[in-house]
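> Sequences listed follow chains A and H, in order.
The first sequence runs 1 to 522 under my numbering.
The second sequence runs 1001 to 1188 under my numbering.
Simulated from the structure, these hints should not be mistaken for lab results.
Honestly, I wouldn't trust all of these hints.
Partial selection, computed: residues in chain A whose CB lies under 8 Å from chain H [as the list claims (entries may be wrong)]:
| id | residue |
| --- | --- |
| 1 | Ile84 |
| 2 | Ser232 |
| 3 | Pro332 |
| 4 | Leu335 |
| 5 | Tyr343 |
| 6 | Pro358 |
| 7 | Arg425 |
| 8 | Leu428 |
| 9 | Arg432 |
With a straight-line cut-off of 30 Å between C-alpha atoms, the simulated DSS-like cross-links for lysine-lysine are [as the list claims (entries may be wrong)]:
| id | chain 1 | residue 1 | chain 2 | residue 2 |
| --- | --- | --- | --- | --- |
| 10 | H | Lys1088 | H | Lys1064 |
| 11 | H | Lys1088 | H | Lys1076 |
| 12 | H | Lys1064 | H | Lys1087 |
| 13 | H | Lys1043 | A | Lys235 |
| 14 | H | Lys1043 | H | Lys1064 |
| 15 | A | Lys301 | A | Lys400 |
| 16 | H | Lys1097 | H | Lys1076 |
| 17 | H | Lys1076 | A | Lys400 |
| 18 | H | Lys1076 | H | Lys1043 |
| 19 | H | Lys1076 | H | Lys1064 |
| 20 | A | Lys235 | A | Lys301 |
| 21 | H | Lys1076 | H | Lys1087 |
| 22 | H | Lys1097 | H | Lys1087 |
| 23 | A | Lys408 | A | Lys301 |
| 24 | H | Lys1076 | A | Lys235 |
| 25 | H | Lys1064 | A | Lys492 |
| 26 | H | Lys1088 | A | Lys235 |
| 27 | A | Lys235 | H | Lys1087 |
C-beta: ideal position from N, C-alpha, C; glycine also.
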Amino acid sequence: MPIDHLFVCPKPLYPCLSLSPNFSMIPNFSREDASVIAHSLGRMIIILGFLQTLPLTLAVFLREWPVLPDFLLSIVCCLILGGILLTIFPPVEEINWRQGMIVVALTWLVAMFLSAVPLYLSGHFNSFLDACFECMSAYATTGLVLVQDLDHLSLAHNFWRHLMCFVGGQGIILVAGIFLFRGSGAFRLYVGEARDARILPNIRTTAQFIWLVSGTYLVLGTLLLSGCLVLSGVKLPQAIFHGVCVFMAGWDTAGFAPKSLNILYYHNPLFELLTIIFSLLGAISFTIHYAVWTGHFHELKQNYELRVLFSSVILSYLITLAGFGTLSRQFPSPLAFYRISFYQLISGHTGVGFSNVPVSELANWSELSLLGVIFAMALGGCTNSTSGGIKALRAGLFFKTIRKEVRKLAYPEGTIVQERFHHQRELLVDDRQVRLALTITLCYIFLYLSGAILGTFLGNGFVPSLFESVSASANVGLSVGLTNPSMPTILKLWYILQMWCGRLEFIAIFMLGRFLVTLGRK
Amino acid sequence: MKNYLMVFFILTWLLLGYQESCCQEAVNSQGRVSVATLFSQAKSYHGRTVTVQGEVIGDIFLRKTGFWVNLLDGDKAVGLWVPPELKKDINILGSYKRRGDIVRVRGIFYWQCPEHTGTPDIHVFSLEIILPGYEETMYLDSGELIPILLLAIIGASTITLFRLFRYVPSANPLPDKNNHARDSRWTR
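The following block holds chain H by itself, in its conformation from the complex (with noise of 0.2 Å):
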């Protein structure tokens, strides 16, 4: 028996310092771990309190408690619990106009959070801006419209000369011998 036991906790050790090491991995040397590595390990992370970090993006969601907000990291994006007194650190949050704040996070992640019936999640605890977010100068490039013009005055010209000088067949499908011309005729 107590060999039985012996080994059991031996393996049940293998496995969890295995389960560590596969973390261990992903997680970076300033202890921080993509939001893709959450996903695709969710399992190991669960409920581990982690580090992530990333730009702010879209829209903040209010609710009673705290409110959400969502983090993009590379070509992911997580959804962030996160307490009413943080609020006032994020100042712009990403778009087309603008590049949000770079914020690492620390908090729990939770692949089926239990509070928010089970979508994957991180409640976050703290918030620090790494790199604050900025306008994105927005202005039209008058030469991208030459070409354009260009294109609609060859285009235009074009569909005119069609026009112009189009074949327009004749209303009477016999031939004459006599005159060919009548059969059909151009326009002009």
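For reference, chain A alone in the conformation it holds in the complex (with noise of 0.2 Å):
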């Protein structure tokens, strides 16, 4: 979400939010409403209906006629239903805040049960539940799976779990919403998803370049990632196959990969050098990138949020070691204790979940090196990256807040004290900015634990329940073996839950939980 948005945009973020004695005053919503909402809800799943085409093409490609029904089922639900909502509901001019908001967490919702259909008919999930968790974990680039008999899906399956993470790591309404919606109601639905980089003055144009940048790198790094397959021997097709679909998970900071050892699968040191490298460019901002390729190299020096970034990776990687201990003398060598130990943290820092150790692997790793790799995780990357967790910049504001109000307390009383640091161009710290980060790291932290009390609940230690809680939250999806097909039902439905809020921060979630409570009311 949406902080330094703060910083370019003179009017409060989230109007409709704003914390004032007029909150109660907020008009309940009306039928209204829901006809603008249902209306732009039909619009986003005739989109997802069409992205569903490219693996079904895939289909017929390779020749894997069973899949095509599964997919022409999913299809035709998807243009069904989004028709019958664009019929019955009359088209609008734009849509407000409000509006942009309930129809962003109501899309991912919609698309997650819409996109489970063809996953489900594939028979390689225990039930439709499981098949919802396997879409939500995509869409919000967590990366945890229920999917079973992995390396037996079918390509054009797979391909679908990898695409997912790709259009949801972009954002669901940036593949489909700006092109769908006009004027500021397209960047009100982008606001929603958690994004507010007006990297461009218009959203359009912004857009735009997103998809040029992660254009780029989707063939760059395809290139690549399949030619460290090529030189080992793999065949052309099946390396581009793979080259596309660890990219689309690496990009997006999603981590699933095609085959269920995930990383390790490949057993190339230079192909996880690739996915750890892809995984951090993923990780950093969109803002950066535009500096970057406006050729504003200095950016990189002086962006305070990548400064956070940077020193947190530091220091996650110290506590990890130090849980390692004398541990870390087990390894066969320094090369491989840093190769194993680097990777996860790395992997748990930038939210992308790769791994190139088996799951029970982590299981046995000492408690303080899983909580360096949860302290990680639960700070996660850059705002208006890829990546989901806390967010570097929020960490920062809070560090400055803490020394801003320390050196109110050293210097003379009413002296005027001001903390700057620069994200894009020099700014200060404000009290709305903080108390807006502060509140949403909140909200995470209480989603973090939410889920490690019901783990623990069901019978679990605290800190695996900690660790799976974080990494389902924060969007990773590393884990040490609590999600599996088998776990109870309650811990599915509660994970989809974490990984929903913490994907799209909170405020659509709480906007679409007003909407369903004030509905009909006067």
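Reassemble the complex: the two chains are provided individually, in unrelated frames, and hints are given to aid placement.
What follows is the structure, encoded as structure tokens:
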């Protein structure tokens, strides 16, 4: 969410949510609101249907005939549902903030259900709930999986899993909405998806720039990753498939992989290094990408958020190392130790969730090492990136505020103390930004703890439960083994909620809650 | 001192014996161990010769002194580091369209392999095909398409009907007392 938007936008980011005495005066949602929301939702569902033609085409191309009905049914469902909504509810010129938020929250929920249809029909999931879990995990770029016998899943279904990661990471709205909604309505939907970077003056050109960056890296990443595999003797079509899938999951910090062994499947340190590079690039804000693309390389050095990110990487790695202690001597060489420990940590910090060890390996780590990774996962990457978690800028603002308060006490009474930081340009820390940052941070902490408490209540240890909960909420995808098809249904449902809330950063979900409660009230 | 040494040796023997018995519990009558057991008791099996059985899946990754292939046993997979002369024994690798060869391999299991910078693997020295792989038959069941076609027809008809008889609000928001029908209209 949108903290840095506050630095460029003179108005409050969420006018409808300003914490003023007028909060209780927010009008209830009316039937007209519901009509606008339903129409917009219909548009999104139609786009979702068209999106599924990509794996369908791949299935035809690869002659995976049994897969066709799975996708055809899902596409027909999307077109009918979307068509009915568009027909019943009249078109609207523009949607307002409140409606935009609810459209976003509902789109993600409906997309989860509709996208789960082909996955469930593949026969690789125990239940429809498991397929829904997989879809929410993909859209939210989490990477926790419940798929079974992944190694025999069709390429079309596998591609669909990774395409969902790409679409979710970029933002469903960015994929579909920007081209369907005009004017400021598009920006409202864009913000609802926890993005707010006005890189360029126009939201459409901003979206185009984001697609330009992602498209360029997609080509580059696919070439490099596929090249790595071709050099290992893998056939070109297979290598390209793996390259595309791993890139989409890495760049969008999702952590899915086409095979059950995840990145360990490739047994290739160079391949692992490339996944680290692309996931780091994915965890960096698009505003920084823009600065670099336009030749402003000094932004890399000066950007405060980037500094906080790298400081937290070092700090969390030190905690992890301390946790290893004498255990590190069990590794055959220092290189082996760094390969395993640093990969998991970067994977956790960027939120990508790739792993080059089996799940049981993480469960063997000491609690302090796990806490180091938990800290990294909880913090996450940059704002306006594809990664999840609290985000480096919010953590940075928190430390700036502490420094400001300490300085206030140190200076004579009445002295005006100000803290500055560089994020695209020199900015002052003001109370409104800090309040919003802390609100979101607190929401995240509650979300992390809720999953941990539930996991502990269900008979797991607290640290593993916290690890899994943070992994789900911060959209990371590393696991110590709690997430599996036989886990309790309540935990699956809770993790779905955590992934959804964590990806959309709460505000849109809160608005949806209010919408459901007040709909129809006068 | 003698007593201490005696106690130490007895304790060591008991501990090693316990560890051995733990490992043996997981080994079946054919002397083979599952991949899940290997990972769950990784420290116990580290550096020991094991026999595992499963389906070879995915791709072969060639290296200068051997090649990598992955073996799937139940829902767990493990990497096999195989010498080049055994490559000819593997014919079909498992995927969506193929069931890979079921092989029984014997080799040394490493939890943190010293040769391959710390990742878990099995260094294979013998490989035997238990059941050859085969191609799956892929066909489109036209019976599955009929309900989808019916659904599409019903859906399209419903949308068409909605479009034909939808309610269109009037442009004039003020009600006309004389003629309520002018406030709004049904198309048709």
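> Does each hint hold? Answer for all of them.
Here's how the hints hold up against the structure:
1. Ile84: Status holds, d = 6 Å.
2. Ser232: holds (4 Å)
3. Pro332: OK, holds: A/Pro332 within 8 Å of chain H, min 4 Å.
4. Leu335: holds (5 Å)
5. Tyr343: Violated: closest Cβ of chain H sits about 10 Å from A/Tyr343, beyond 8 Å.
6. Pro358: Holds, because the Cβ-Cβ distance from A/Pro358 to chain H comes to roughly 5 Å (cut-off 8 Å).
7. Arg425: A/Arg425 check fails; min Cβ-Cβ to chain H is 44 Å, beyond 8 Å.
8. Leu428: Because about 47 Å separates A/Leu428 from the closest Cβ in chain H, which is outside the 8 Å limit, the hint is violated.
9. Arg432: Hint violated; A/Arg432 Cβ to chain H Cβ min 39 Å, cut 8 Å.
10. H/Lys1088 / H/Lys1064: holds (16 Å)
11. H/Lys1088 / H/Lys1076: Since the Cα atoms of H/Lys1088 and H/Lys1076 sit roughly 25 Å apart, the hinted pair holds (cutoff 30 Å).
12. H/Lys1064 / H/Lys1087: Given that 30 Å is the threshold and the Cα spacing comes to 13 Å, the pair holds.
13. H/Lys1043 / A/Lys235: violated (36 Å)
14. H/Lys1043 / H/Lys1064: holds (29 Å)
15. A/Lys301 / A/Lys400: holds (18 Å)
16. H/Lys1097 / H/Lys1076: Within the cut-off at roughly 20 Å; holds.
17. H/Lys1076 / A/Lys400: violated (47 Å)
18. H/Lys1076 / H/Lys1043: With Cα atoms ~17 Å apart, H/Lys1076 and H/Lys1043 stay inside 30 Å; holds.
19. H/Lys1076 / H/Lys1064: holds (27 Å)
20. A/Lys235 / A/Lys301: violated (41 Å)
21. H/Lys1076 / H/Lys1087: holds (22 Å)
22. H/Lys1097 / H/Lys1087: holds (21 Å)
23. A/Lys408 / A/Lys301: The given pair, whose Cα atoms are some 28 Å apart, holds under the 30 Å limit.
24. H/Lys1076 / A/Lys235: Holds - the C-alpha atoms of A/Lys235 and H/Lys1076 are around 25 Å apart, at most 30 Å.
25. H/Lys1064 / A/Lys492: violated (45 Å)
26. H/Lys1088 / A/Lys235: Judged against 30 Å, a Cα distance of about 17 Å means the pair holds.
27. A/Lys235 / H/Lys1087: Holds: A/Lys235 and H/Lys1087 sit about 16 Å apart, inside 30 Å.
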